[in-house]
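K.L.:
Put the complex together from the two separate chains, hints included.
As they're listed, the protein sequences go chains Y and X. Heads up, the first sequence is in numbering that gives the first Met the number 0, so the first residue is 0 and it goes up one at a time. Heads up, the second sequence is in numbering that gives the first Met the number 0, so the first residue is 0 and it goes up one at a time.
The set of hints was computed from the structure by calculation and includes no laboratory data. What you are looking at is a predicted structure, and each value in this text was computed from that prediction instead of being measured. Ideal Cβ placement from N, Cα and C applies to all residues, glycine included. Since no wrong hints were added, every one of them can be taken at face value.
Non-contacting residues of chain Y with respect to chain X, defined by C-beta distances greater than 10 Å in every case (computed):
no., residue
1, ARG55
2, ARG105
3, LEU223
Covered stretches of chain Y (in silico footprint by chain X; criterion: 3 or more residues with CB under 8 Å from a CB of chain X, positions within the stretch not fixed):
no., region
4, 5-16
5, 19-27
Here are the in silico distance ranges between beta carbons for each label pair:
no., chain 1, residue 1, chain 2, residue 2, range
6, Y, SER109, X, GLU55, 52 to 58 Å
7, Y, LEU228, X, GLU55, 39 to 45 Å
8, X, CYS16, Y, SER109, 51 to 57 Å
9, X, ASP42, Y, LEU237, 53 to 59 Å
10, Y, GLY247, X, ALA78, 44 to 50 Å
11, X, ASP72, Y, GLN156, 56 to 62 Å
12, X, ASP32, Y, ALA227, 43 to 49 Å
13, Y, PRO178, X, ASP32, 51 to 57 Å
14, Y, LEU93, X, LEU63, 42 to 48 Å
15, X, GLU55, Y, VAL256, 52 to 58 Å
16, X, LEU63, Y, ALA227, 51 to 57 Å
17, X, GLU56, Y, PRO179, 54 to 60 Å
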Amino acid sequence: MAFTNEQLERYSRHIILQEVGAGGQKRLMDASVLIIGAGGLGAPAALYLAAAGVGRIGIADADAVDLSNLQRQVIHATADVGKPKVQSASESMLAINPEITVETHRMYVSASNILDLIAGYDFVIDGTDNFPAKFLINDACVLSGKAFSHAGIIRFQGQLMTYVPGEGPCYRCVFRDPPPPDAVPTCSQAGVIGAMGGVIGSLQAMEAVKYFIGQGELLTGALLTFNALTMEFRKVRLPRRADCQVCGAHPTILEPVDYALAACDLDGGG
Amino acid sequence: MVDFQVDETVDITDVVCPITFVKAKVALEELDDGQVLLIHLNDGEPVQNVPRSIKEEGHQILKLTGNEDGTYDLVVRKAGG
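Same shape as in the complex, but just chain X (with noise of 0.2 Å):
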């Protein structure tokens, strides 16, 4: 289990692929390096893409849970902290 508090918090469900790992993007880059961020973020491609794109970005998934209604949250450690 890792020890985390969330930082900042981006809902990506008003948004579509591939504008939903920009806006997870964009909402990283705002962070300071080794800060938290949670995700909320639809079932489906978002839920496949998304978390696979920001590890290629060196980026640390620390938890990702599946609310009951068909969304998740994604919790991510911005790299370099």
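Isolated chain Y (complex conformation) (with noise of 0.2 Å):
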């Protein structure tokens, strides 16, 4: 496929780097990637995926927008409360780059159907609110061998790391079970700064990039950790774990599992 000179200019910040260049462009337009979660992390991670011309974009979220979401969701305006989510994020994607496909999936992603929901894509970014959602996330694309991106936040802090089948720990051999519910505030109850979404989802945008055009280091085998209060962004290396549940040497987790929510948050935060 050749390039319009439409598309050389738009993306001509990436071709011309040495490590994107004409070929790793074109990864990017053949690459699709599934976003759970069309909140805090989502967001960033949706509109730079889309601008940077990935060509397949699929957005997961049952919600509606809401004016609580518009203290750091910069997918969503004032004039989207009230609409679905993944319809508001669709448009603000196509509006910056209407080169790509975006696919809407307005759903709760359970244990029945995540497996169909990402076996379409090549990459996941989990951005979601809660731990019954990122064990989730972290089964299926174990158990079908998919790569995909874990991160969190909440107040002044982030964090995340990259999974890659066969090449470092998965989330659960780092942290084995999610807490009990009510154990944990999600950031509905204990509050986030707004840019935390956009540091955090950007470096996970970040990722996919990369790992799309192969270049670089991946946050497999690692993770990032980032404190606003002190800026301080710390790498911890994590090894597998041999006994791990799920990608360990005997699992015993062998289809996704539905963990029950902490009652306060039915309904939603993000």
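P.N.:
Right under this line is the structure:
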């Protein structure tokens, strides 16, 4: 496929990079990414991946835009309040880059539908706001042999890591099991600085881009944490866990599992 | 005098800097190492900048000829051959 002059101009700052070039840009245009959660993390990730020309982007979220989302979920505008998040997100992404395809999945992602959902994509971005969803996404990606980016944000802190099959620990190697419901506050109860979603969600987009262009090192085998109050990033090296319930030598989790949500999260937050 | 045979031609007179270089770079990427590209470019900024940028990427400039109509033909051998 040859680039049109308009594509050369749109993607010139990518193509001009030795590490991307025409080949890397074409790989991005042939790539597909599923973003689960059109919230604080998913918003910047979706916008940057759309702008980068990732050819097909799926976005899954059951919620509608709420006024309390707008402090951080920069893909939605005030006029979008009440609209399905996936629709609002899709409109923003296509406004930036009408060349891409956006697939909207207005649904609660659960053990019963996640395998079918992720099967159609090359890379998954976890932009969810609760532990049951994070473990569900991890298990489904491990079981499907799918690369994904984990991230979480709360208050002034954020973290992310990348899972690539066979190249390091999964989320469950590190965190084993979800905490008991209500043991850890989510950002709807604890608060979060809006720009934290911008920092960490953008890093997730960065990992997806690097995964496709095959350049540099991914956060496989390492958890990157960011504290905005001290402005410290820490990269913590983490090994695989041989007895991991899902990616270990003798897995006990052979299909995705739904864990109970904390009662106060049932109306969503993100 | 360098002997060469042009394998591919690209016209970058229909775009402006910095897309001129981007278009030439993409055309070079699509060649095999050692193949020769003829780049048709405009006088002014393109002829001042494009040959230099191509050289910086490690390719070999074989020839630059001025045409009578304010355009140039730049012949480049792709690095690595």
